[in-house]
Amino acid sequence: MESATALFSLIIALPLLGFLINGLTGLFVESYRNKKQLIGSIASTAVFIPFVIAVYFFINMNAGSEALIYKLFTWMDVGTFSVDVAYRVDQLSVMMTMVVTGVGFLIHIYSMGYMSHDEGYWKFFAYLNLFIFAMLNLVLGNNLLLLFLGWEGVGVCSYLLIGFWYTDMAKSDAAKKAFIYNRIGDFAFLIAMFMVFQTVGSLNFDVILGNLDSFTEGYMVAIGLLMFVGATGKSAQIPLFVWLPDAMAGPTPVSALIHAATMVTSGIYLISRMSPMYAMIPEVMIIISVIGALTAIVAATIAITQNDIKGVLAYSTVSQLGYMFLALGAGGFTAAMFHVVTHAFFKACLFLGSGSVIHAMEHVEHGLHKEGKDVHFDPQDMRFMGGLKKYMPSTYKTFLIATVAIAGIPPLAGFFSKDEVLAMTMNAGFVDGGSWVYMMLWGVGIITAFLTAFYMFRLTLTTFHGSFKLPTKIKEAAGSEKFLHENPWNMTTPLWILAVLAVFGGFLGVPNFIVETFTHEPAHINLLHDWLYKINADYIIEMEHWVEWVLMAVSILIAISGVWLAFRMYNNDQQEESDAKIASRFGGLYSVWKDKYNLDDVYEGLVANPTVKFSDKVLAVFDMKVVDGIVNAIAGTVRLFGSLFRYLQTGVVSSYALAFVIGVIVILYLMIS
Amino acid sequence: MDYLGDLQAFLPGIITAVAGLAVITIEALKSGHKSAYWVTSFSLIVALFFGIQSLGTPLQEAFSGMLVHGGIAAFGNVIILLGTLFCVFLSNDYLEGIDHNYNEVYGMILFATSGMICLAGANDLISLFLGLETMSICLYVMAGLIKNEKQGAEGALKYFLLGAFSTGFLLYGAALLYGATGTTSIPGIGAAASSDLLFLAGAALLLIGFLFKVSAVPFHMWTPDVYQATPTTLTAYMATASKAATFMAMILVLSRALPSVEGLDWQAVLSVVAIITMIFGNIIALVQDNIKRMLAYSSIAHAGYALVGLSAATPEGYSAVAFYLFAYTIMNVGAFGVVAYYERNKGLDFSDVNNLAGLGFKKPMMGVMMSLFLFSLAGIPPFVGFVGKYYVFAAAINANMVPLAIVGVLASAASVYYYLRVMVYLYFREAHKETEMIDASFLYKGALVILALLTVYYGIEPILPFGGLMELITGF
Numbered sequence: 141m142e143s144a145t146a147l148f149s150l151i152i153a154l155p156l157l158g159f160l161i162n163g164l165t166g167l168f169v170e171s172y173r174n175k176k177q178l179i180g181s182i183a184s185t186a187v188f189i190p191f192v193i194a195v196y197f198f199i200n201m202n203a204g205s206e207a208l209i210y211k212l213f214t215w216m217d218v219g220t221f222s223v224d225v226a227y228r229v230d231q232l233s234v235m236m237t238m239v240v241t242g243v244g245f246l247i248h249i250y251s252m253g254y255m256s257h258d259e260g261y262w263k264f265f266a267y268l269n270l271f272i273f274a275m276l277n278l279v280l281g282n283n284l285l286l287l288f289l290g291w292e293g294v295g296v297c298s299y300l301l302i303g304f305w306y307t308d309m310a311k312s313d314a315a316k317k318a319f320i321y322n323r324i325g326d327f328a329f330l331i332a333m334f335m336v337f338q339t340v341g342s343l344n345f346d347v348i349l350g351n352l353d354s355f356t357e358g359y360m361v362a363i364g365l366l367m368f369v370g371a372t373g374k375s376a377q378i379p380l381f382v383w384l385p386d387a388m389a390g391p392t393p394v395s396a397l398i399h400a401a402t403m404v405t406s407g408i409y410l411i412s413r414m415s416p417m418y419a420m421i422p423e424v425m426i427i428i429s430v431i432g433a434l435t436a437i438v439a440a441t442i443a444i445t446q447n448d449i450k451g452v453l454a455y456s457t458v459s460q461l462g463y464m465f466l467a468l469g470a471g472g473f474t475a476a477m478f479h480v481v482t483h484a485f486f487k488a489c490l491f492l493g494s495g496s497v498i499h500a501m502e503h504v505e506h507g508l509h510k511e512g513k514d515v516h517f518d519p520q521d522m523r524f525m526g527g528l529k530k531y532m533p534s535t536y537k538t539f540l541i542a543t544v545a546i547a548g549i550p551p552l553a554g555f556f557s558k559d560e561v562l563a564m565t566m567n568a569g570f571v572d573g574g575s576w577v578y579m580m581l582w583g584v585g586i587i588t589a590f591l592t593a594f595y596m597f598r599l600t601l602t603t604f605h606g607s608f609k610l611p612t613k614i615k616e617a618a619g620s621e622k623f624l625h626e627n628p629w630n631m632t633t634p635l636w637i638l639a640v641l642a643v644f645g646g647f648l649g650v651p652n653f654i655v656e657t658f659t660h661e662p663a664h665i666n667l668l669h670d671w672l673y674k675i676n677a678d679y680i681i682e683m684e685h686w687v688e689w690v691l692m693a694v695s696i697l698i699a700i701s702g703v704w705l706a707f708r709m710y711n712n713d714q715q716e717e718s719d720a721k722i723a724s725r726f727g728g729l730y731s732v733w734k735d736k737y738n739l740d741d742v743y744e745g746l747v748a749n750p751t752v753k754f755s756d757k758v759l760a761v762f763d764m765k766v767v768d769g770i771v772n773a774i775a776g777t778v779r780l781f782g783s784l785f786r787y788l789q790t791g792v793v794s795s796y797a798l799a800f801v802i803g804v805i806v807i808l809y810l811m812i813s
Numbered sequence: 022m023d024y025l026g027d028l029q030a031f032l033p034g035i036i037t038a039v040a041g042l043a044v045i046t047i048e049a050l051k052s053g054h055k056s057a058y059w060v061t062s063f064s065l066i067v068a069l070f071f072g073i074q075s076l077g078t079p080l081q082e083a084f085s086g087m088l089v090h091g092g093i094a095a096f097g098n099v100i101i102l103l104g105t106l107f108c109v110f111l112s113n114d115y116l117e118g119i120d121h122n123y124n125e126v127y128g129m130i131l132f133a134t135s136g137m138i139c140l141a142g143a144n145d146l147i148s149l150f151l152g153l154e155t156m157s158i159c160l161y162v163m164a165g166l167i168k169n170e171k172q173g174a175e176g177a178l179k180y181f182l183l184g185a186f187s188t189g190f191l192l193y194g195a196a197l198l199y200g201a202t203g204t205t206s207i208p209g210i211g212a213a214a215s216s217d218l219l220f221l222a223g224a225a226l227l228l229i230g231f232l233f234k235v236s237a238v239p240f241h242m243w244t245p246d247v248y249q250a251t252p253t254t255l256t257a258y259m260a261t262a263s264k265a266a267t268f269m270a271m272i273l274v275l276s277r278a279l280p281s282v283e284g285l286d287w288q289a290v291l292s293v294v295a296i297i298t299m300i301f302g303n304i305i306a307l308v309q310d311n312i313k314r315m316l317a318y319s320s321i322a323h324a325g326y327a328l329v330g331l332s333a334a335t336p337e338g339y340s341a342v343a344f345y346l347f348a349y350t351i352m353n354v355g356a357f358g359v360v361a362y363y364e365r366n367k368g369l370d371f372s373d374v375n376n377l378a379g380l381g382f383k384k385p386m387m388g389v390m391m392s393l394f395l396f397s398l399a400g401i402p403p404f405v406g407f408v409g410k411y412y413v414f415a416a417a418i419n420a421n422m423v424p425l426a427i428v429g430v431l432a433s434a435a436s437v438y439y440y441l442r443v444m445v446y447l448y449f450r451e452a453h454k455e456t457e458m459i460d461a462s463f464l465y466k467g468a469l470v471i472l473a474l475l476t477v478y479y480g481i482e483p484i485l486p487f488g489g490l491m492e493l494i495t496g497f
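Going line by line, the protein sequences match chains Y and H. Position 462 of the first sequence, counted from 1, bears residue number 602 in this note's numbering, the numbering being contiguous throughout. Position 169 of the second sequence, counted from 1, bears residue number 190 in this note's numbering, the numbering being contiguous throughout.
Only true hints are included.
Short, incomplete list of chain Y residues facing chain H, as computed with Cβ under 8 Å:
#1 289
#2 292
#3 330
#4 797
#5 802
#6 810
In silico negatives: residues of chain H with every beta carbon more than 10 Å from chain Y:
#7 29
#8 54
#9 70
#10 123
#11 158
#12 161
#13 296
#14 373
#15 376
#16 459
Derived from the structure by calculation, the hints contain no laboratory data. Here a beta-carbon is modelled for each residue, glycine too, at the ideal position from N, C-alpha and C.
Sequences are here, hints too, so could you generate the full structure?
So, in structure tokens, the structure goes:
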């Protein structure tokens, strides 16, 4: 193996090695499980070194560099079908690798503090390393099959980590729900992969994207749609998004790493990677945008009504992912990737910050228990919080910075990426053959931006401003604020690093028109755009500069007004009155939001309930143990058929022989006719 | 005549048959003596060695055209012997644990294996029938090993009655083919193939005989009852080695005796059977609480996937099936092996999935291996089961059978649910009250570890170490 390949293979191999060391030693050597410092250090190092190597590759690359292919070995080889375990280092994958390992490393450090009292510490870190390994396969794989390996792998890890506290039934159900929703998407992806292989006889990205003209129109549309269905599963879009909020049952660092920063963006990565194909099928592009915009606004309206601190962030993530799909469908592949990066910074910061708050609230509960008071409350419910900024200054400041970033206030990271998403959406209405639908979607995006600023500040103000409400809510908890304190350095340092990134991350993609307006010649201040130009088949910007200025002004005004309204309504302990006010203003609409559009119920009502009724009345013998949501609905329907078949299986030899004879007759008929 | 060469060609079969006689003799002289087990293991290792030696040689006839060796037949022998060897390793501990460790079992295994080798290398309908029956009769006996339980006797009887029934069809088919072509030689039949009624009916009945043995729907009904009644390690043997042998014989017959003749459309028939088998096997597996019955239905479903490859009827499809059988054998023997490990413990019925609660952490090594085998059976990369499925479906797509592959993919999507269910019980459920678990011998655990390693190794590096798969299976 030449030295570059050897160096590269460390990126992939080290997280796997970390998983094996911690997983196997922890499994077989009981005393090892308590060496928490050692376990955490091994796991963190196994992610940090790949990060350094990724940075090295990044430095040695420029925007014009050809992709470097590192082939480790041949995976499968039958006749014309050959797949290598080969990795592709190009501008897109090196960027994703840095995000995955960089943010991943910070979350490892944070977890060393957050999980320090957990019995399953060793398991947790083993799973985290395995996740990083799978995620790196996903972003670095040079062919669809290797990408699929990572795609399945991250699904399995997410399943393991959501159900990490498996003693709780709800949590293991949430884990199963996530896994099975993802599988629905995965199979669409698998079929797309077969169709690609049938057409070009290879799964390598170079071959596929180099032979796009050998696909028929219909095939390309089908492949594009199927891959998008796969992406809606993994990236939690309508109609498959309901698993993500439930997935918050996992430990908070997991929510930050998997369900905010990395795994859920893999659908966006996939479409971005395949962007030359998508650019040729505008009818699919428009569907992607519509789904993205709908998801964005639906999730944002739900987020307004949530009282669970992680719940708000979960819906916010779904909403922001919707933005990314909006951009993808509008030919803004780079804009979507830009939002992936900035979102990874500020959303990871927010989740870790919420984890820090939850940690502190749990500490209060433990403190009260130690005093002999039997007080129970939900440590994630923001109605018990308030005034935390006095007790947790670092968490407050970083959380505030990230909130300003996601709200889209210039010049923080979220402003630039969101602005580009919206600008590209509008632009898609102007390009040749563009549709007015995109202009409508821009409107949806703007409303969502307003809602985002509003619900994020609602969350921050309710949690950190005003006064600590637990003692007023629960009489016995009087004086409990003495248990509140800031978390140790290994939890706050990652927060600060992410906050800094949330401030400056936006300068990767400052729009070119700002300079072009004055110089009247093409500018190159949008670094990300220049960096990814070889890979992403972005639409060309057709808008006049003044239009772009207007759009930018509108999005700034919208963000500021969202923030202003939130300050008026939530700054001084008025959360519950203000929520009630919104509820009475919007009436029935609000309850729809609060009930999450009843989607879980709809899925249940359409499929599960009729099935249950049928089986209760018609087949009372048949035991339907769990009916919850579409997951079990599907399984339930299938189980129903299964038990019908079971009646055929009576155990009587003569009936077996009868089935046999029927089979013989059918086969004879088929053969002879 | 080159008798020495003929003997050499059939060496693995001869070794197992002679060892079988030796085991019976040992039992007659010294009842229950441990040496029978060691003779069995040793002879299988030697036979496997010779089997591996002949990998990569071209397909040749032997015994005046009664048998073939080398090529795909050699690959079949390796699968059969590998599966048998591991089942024997597992059987010793397990049968000891359930107080049924009779030396006759090893004799039966050896004779059955010899029959399988004959079946997988048959070049004539006579030798095919000989191999098939030698194998089947031994399997009937094994199914009834636990004779003091009603279930065991019932399972064996069912198996025997339906087996005899299906043999009737097979034999009738052979007779019709002989009537139509005037020969029992498989290549001879292929050369004289026609689309007259006699030939078509003969081909159909022959296929039916095969489909019974591989438990394709609707000829599968014996499978769950028999698998449940048979001691678990012997179930593993039945489910893997005997299926592999029958599929290998099918490959030889389909590729050489039934060429594409106008009006002879067995591809369509097989694809219909494949679709029904995949759907039925996977759906009904969902409602099984008994893990052995679940694995029985899963093995029906897996036969469906293999039939997908056969339906493609291309060299690519046949070699995909061969690889699939290899994959299926190692992961399935492994899964049954772990089940047997749990089952040896008295007190609870560990073939009931509810009683597996929390065992994943109690016996970590077994839990990890079980998860691995189940992931592989479910076709999740990077395990060998995924690679096997991929080859089979890719072959179907290249033969322009896209709908068949899509059904396969969807059916295996459903399968994830019931494999995952076992893992949910192993890991995500609280353990029952303290149940003492008996540990197994080093050999037992070692065998499972090797199977687990093979499952991972061939998932990542599926090219056999002896050269490319396609080169191995030359000369149809």
